[in-house]
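Trainee: These are the residues of each chain, in order.
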Amino acid sequence: MATIDAPNPDIQATGAQTHPLYWKNRGFAHHFRNADEQFDACKLGMWLFLSTEILLFAGIFCAYAIFRMLYPEAWAAGSHHLDWRFGGLNTVILLLSSWTVASGVRAAQLGNNAALIRNLVITLICAGLFVFIKLYFEYIPKLSAGKAPGTFFSYPYAHDPHEPLWWSIYYIGTGIHALHVLIGAGLLIWVLVRAIRYEAYGPTEYTMVENSALYWHLVDLIWIFLFPLLYLIH
Amino acid sequence: MTTAETTHDHHDEGSYLTPKYGVMGTIWDWMTTVDHKKIGVMYLFAVLFMFFLGGVAALAVRLELLEPVRVAADGTITGQLFGPANPESIATGNNIFNRLFTLHGAIMVFMFIIPSVPAALGNFFLPLMLGAKDVAFPRLNLFSWYIYVVGSLFGVFSIILGGVDTGWTFYTPYSTTTDADHWRVLLMVLAAFVLGFSSILTGLNFIVTTHKLRAPGMGWFDMPLFIWAIYATSIIQVLATPVIGITLLLLIFERLFKVGIFDPALGGDPVLYQHFFWFYSHPVVYVMILPGMGIISEILSVHARKHIFGYRAIAFSSLGIAAVSFIVWGHHMFTAMGELASTIFSALTFLVAIPTAIKMFNWIATLYKGSIAINTPMLYALSFLFLFSIGGLTGLPLGALATDLHLHDSYFVVAHFHYTMMGGTVIAFLGGIHHWWPKMFGRMYNERAGMIGCVLVFIGFNLTFMTQFFLGTQGMPRRYASYIDEFQTLHVLSTYGSWILLAGFLVHLFNFIHSLVAGPKAPPNPWGGLTLEWETESPPIEHNFHHEVLVQHGPYDFDTVVPPHCDEREFPLPETPASH
Ligand code: HEM
Ligand SMILES: [Cu+2]
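From first to last, the protein sequence lines are chains A and B. Residue numbering for the first sequence follows this note's numbering, starting at -5 and increasing by one per position. Residue numbering for the second sequence follows this note's numbering, starting at 9 and increasing by one per position.
In case anyone wonders, no lab produced these hints; they're calculated from the structure. Since the structure is predicted, the reported quantities are computational estimates derived from the model, not experimental observations. Just to be clear, a hint being listed does not mean it is correct.
Just a sample of chain B residues kept apart from chain A, beta carbon distances all over 12 Å, derived [as the list claims (entries may be wrong)]:
1. L61
2. N383
3. S397
4. L413
5. R451
6. I460
7. L517
8. K529
Covered stretches of chain B (chain A as the covering partner; in silico rule of three or more C-beta atoms under 8 Å from a C-beta of chain A) [said to hold, decoys possible]:
9. 219 to 229
10. 273 to 281
With the C-beta cut set under 10 Å, the calculated list includes, among others, these residues of chain A facing chain B [said to hold, decoys possible]:
11. F61
12. G144
13. F146
14. F147
15. Y149
16. I218
Backbone N, C-alpha and C fix where the C-beta goes; we use that ideal spot for every residue, glycine too.
Use the sequences and the hints to build the structure in full.
Mentor: Structure follows, in structure tokens:
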């Protein structure tokens, strides 16, 4: 039944504006009383989901803390192998992308599709840069030098017998984070495609933009904790 | 709860069970449905099937324990159920036994009891009791059912390939080093990991539904207590399950890549695994019991026709249990911790008993001066009160440091958790299935057969597990395929008990099948309940209610309201309305 905002007959219907995904043509699911209720429900659902993500990483942080306490030398030695400049650059990149994705939400709320698309593209470029730096300047050189997790560790100049454990935590923490970067980028690509094709988002229909942006902020937030723990403190 | 209007928007709408599109079409319709009622029924059948699989394993375990394995002077072997009976094969027999109890535990915990009440009855009744048309995210709901099925298939596949013998707890370092079981351990752990997602999504869905989709007029304290229980359960599911997710993921990495986090050889810590595991698995025991407690609140007040005693106390104690459940996990590792930590965990463990006891007293007070109907749901609710009291109280000697040293890893623990999980959750689940059977399937079941089944289950259960308390205090360790001769009497009784249990379940099974095939048609409100699910047809129509629901009275106002679809001759109001 309900469309929140029936297409304005005065506006010449262009191709996109007759599409059911065009933001003005969007309704809401029949078990909600209105579109606001649906929006609130989706947002609450997303926040709950984000709390599960934080708890997932909590396990890794917990393991980090315990082994740091047990083997401070290994941790100090391990973090000396990480270059804070790459970590710092990636932090800046993610912070920037958080800003652009937030601007994207704002653009959707204002009905400015062009700005939404622009901001999403910048965010995605940042995501790509992040993964590139991580892989090309960090993972690959380190792995080829033998600084690998657990029994794969073959770096000959290790200072501490527990360094393999440090690398395990490093790869698991940053690896699962990188996986989240990819998932977040996937969501944003989906939003981007729908924004370009159908102008799917506008002042009354931006749930998906908002929720993907929330997810992206989470990815950023977790990195904000990983970065100092792994790169900065010794 | 009276509805305001009598206009019938969906008047011509059929029951949700009406097949519409021929056989293949109907199957397709069910497999792609987003209707919470169908998904609830699909969960119901799936978890009952898992219960059957886990039950077969349990019966086999009990059968092996009927006799201790004895090697006579001439080398003949008696009492060994599995494997050929020669001296070399005792190890084989023990291996099979280890696999059986592991698959029993893993199936019962991850595939049966965790999803049982919330995913089956919760899915069906949460939206109905809230007066909603569906859960907040219906497609996510279907998705979580598929995740459940995929997870269970992983588990079943691991069993078909030969099973695992790690115990349902997958303790390291054993679970990361049993090379012979390599792929099967991975599969089983992966199964538990995948099932966790299903659990998280269901919990998330229910929390949002409870927040956003209550019918107009239903405040938080007008909700049935079943909803409060499911709500508290969902909070635990959402907050605890991710931790087991990362734990099992680390376990998988440990197996595949030897990352060393749980491996002492690389500086890792196997006890860390236990901490992670129980940080999830203790809260999860309340995921199992809280929904059961919710069912008991409904059954007792409806079938005793009494306003529930201490509504808010029960509601808040659910949240209290959920909160405390997160800080007691250490009581599973008293033997692997320092003194101070154990003392703190012991004290916190005793805290859990308080909200639990609050519920108990409120339920008993509800029965006081009620007009108690003796039928299957009520019998089950009364059994619950009896059995769960034992289960909860025997948790206290386990939570006390001095006694746990003796009882840890003994049959006493086995008996304790069976009194809580089976005597609590399974009994409540069975009570709930009977209570809501007419609503779900539109047919009455045979009351006499139901009560006979209940009595058999009650007797069988007590015989099976009461004996194990005594075995445990006498020193019988858990997870052993044989025992010293002195224990045999009690073991034999326990095994006989498991057969009586089986008989009870079979009576229920035939009763249910008979009801589906030939049971009399159920009226919309056979018990005179006041919660919203009794306002619609039995079985409910596709969109749940004929018209918008407006809540005008509380869920337990039996002293002032004539139930919907009933008249005062069937369910008279009390002569002098109780004053409170
Ligand atoms: C009054 C509340 C309870 C208390 C104080 C309590 C206490 C304990 C303690 C201290 C242990 C560890 C014993 C040991 O291994 O030495 C234990 C084990 C266990 N409890 Fe409870 N418990 C309570 C309620 C429950 C409930 C409601 C359930 C489930 C529905 C439950 C399920 C279990 C299970 C499954 C185990 C054993 C797990 C294993 O080692 O395989 N408990 N309980
Ligand atoms: Cu516990």
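Trainee: Does each hint hold? Answer for all of them.
Mentor: Checked hints:
1. L61: 29 Å, holds
2. N383: 34 Å, holds
3. S397: The assertion about S397 (chain B) holds, with a minimum of 33 Å to chain A.
4. L413: 26 Å, holds
5. R451: Given that every Cβ of chain A is farther than 12 Å from that of R451 (chain B), nearest at about 27 Å, it holds.
6. I460: 41 Å, holds
7. L517: 34 Å, holds
8. K529: 28 Å, holds
9. 219 to 229: With 3 residues close enough to chain A, the hint holds.
10. 273 to 281: holds (count 5)
11. F61: 7 Å, holds
12. G144: 4 Å, holds
13. F146: 7 Å, holds
14. F147: 9 Å, holds
15. Y149: 14 Å, violated
16. I218: With a closest approach of 19 Å, the I218 (chain A) hint is violated.
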